[in-house]
Amino acid sequence: MKIISVLLVLVASCLSGYMADDEGEPRLLASKNILNQYLVENKDLTVEYKIFNIGGSAAQNVRLEDAGFPEADFQLVAGNVQATWERIAPNTNVSHSVIVRPVSSGYYNFTAAEISYSAGADAKKRQVGYTSSPGEGGIVNFKEFNRRFSPHVVDWCVFAIMTLPSLGIPFLLWWSSKSKYDSKPKRS
Amino acid sequence: MNCAGKTIFSFLMLVAPSVVFGDSCASPQVKPSIYTTTEASSSTDTVFIVQFSLTCKGGPSDLTLYADVNGKTVAVTRNDDNVKFPFQVSFSDENKNLPSGTYEVKFYDEDGFANLRKAQRSGESSSSVKSLFSIEVNHPGVWKGPFVSSELVATLVALLVFFSAYTARNSLQSS
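Chain order of the listed sequences is Y and G.
When we follow numbering that gives the first Met the number 0, the leftmost residue of the first sequence carries the number 0, and every step to the right adds one.
When we follow numbering that gives the first Met the number 0, the leftmost residue of the second sequence carries the number 0, and every step to the right adds one.
Everything labelled a hint here was simulated from the structure, so no lab data went into it.
Possibly wrong hints are sitting among the right ones.
What the hints assert, rightly or not - The list that follows gives simulated cross-link-like pairs (lysine-lysine, PhoX-like), each with its CA atoms no further than 25 Å apart: (1) G:105 x G:56; (2) Y:49 x G:95; (3) G:56 x Y:49.
As the list claims (entries may be wrong) - Which stretches of chain Y does chain G cover? Using the computed rule of at least three CB atoms under 8 Å from a CB of chain G, they are: (4) 76-82; (5) 101-109; (6) 126-139.
Said to hold, decoys possible - Not the full set, but computed from the structure, chain G residues with beta-carbon under 7 Å of chain Y: (7) 41; (8) 42; (9) 43; (10) 46; (11) 63; (12) 89.
Quick reminder that beta carbons are idealized off the backbone N, C-alpha and C, glycines included.
All chains, please: the whole structure from these sequences, using the hints.
Structure below.
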């Protein structure tokens with residue numbers, strides 16, 4: 000199952016309620032994607048956040064916080080679920096990644112991360128918005144995943160051993176008689 | 000009054016550079032922790048995550064840092080809640096653009112980053128800009144599954160056994 004969510008939800012300045020002269024305002028678009036082909040219990044799950052500033056000025060003190068991976072359900076492998084950037088310049092993007100491991104299998108709703116920033120000089124008022132949310136994803140049981148995708152080397156070895164008697168016993172019989180007759184010198 | 004202004008100005012001119020240099024990190028000590036994608040099933044893209052802690056000698060360690068890998072520059076994030084590795088930088092690209100090998104991630108402070116950008120704009124080589132420190136990322140490559148599937152190997156072995164038995168029987172019957 001491939002989860003790549005539909006792009007880009009947040010337009011943070013929408014929250015301020017007006018679409019005024021945005022030329023000088025920073026505007027952030029943020030996406031949260033899960034890059035996995037398969038979500039498997041106890042295997043790495045790669046989450047990538049991308050933040051674009053499409054506004055006219057730099058966003059200051061940008062803070063990304065994802066509360067969507069509680070410790071009861073996920074184990075953090077690498078990366079921080081909370082990150083801050085001093086500034087994001089206009090017309091640039093930044094990305095951030097986190098690796099987690101789901102502890103159990105089942106369906107899980109991957110929700111949006113929260114992002115907040117202050118717009119330049121007006122540092123007191125912080126804008127708050129959300130990233131896109133990848134949505135619900137099924138986390139496959141580890142055994143189930145192995146049954147489908149592991150190379151089954153052990154299983155094939157067992158199969159070979161099980162077929163060995165039916166092939167090996169006739170072969171040995173033939174081999175013993177052959178060596179018996181072959182060893183005798185030919186009488187002419 | 001004018002004279003006083005000039006004095007203050009010249010004083011600032013003398014002091015300001017040392018303030019700027021004092022901002023930078025002297026003899027940085029870095030402890031890194033590195034993650035790279037190793038299995039194609041866990042990510043469609045290759046992701047590098049470099050986390051590190053930084054202690055500076057006699058300077059502040061809450062610097063704004065920038066990282067450069069393969070000519071791509073990204074801002075370094077901070078999370079002070081993570082005491083062990085507060086800094087993080089992540090790169091991601093398609094698997095074929097980040098093959099296995101050793102990558103050098105260079106880190107710059109704000110002045111160094113400005114110099115780097117200047118050098119890149121003017122087309123000079125960025126190696127002339129001195130980085131604050133660097134971290135080596137050893138990427139073993141992404142495992143996309145076995146080259147030959149086990150079913151194919153099993154079929155080949157079965158065919159081999161059958162062929163050898165068949166030829167043995169044929170040679171017996173003909174003699």
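**OP:** Mind listing which of the numbered hints don't hold for this structure, in increasing order?
**Re:** Of the numbered hints, 3, 5, 6 do not hold.
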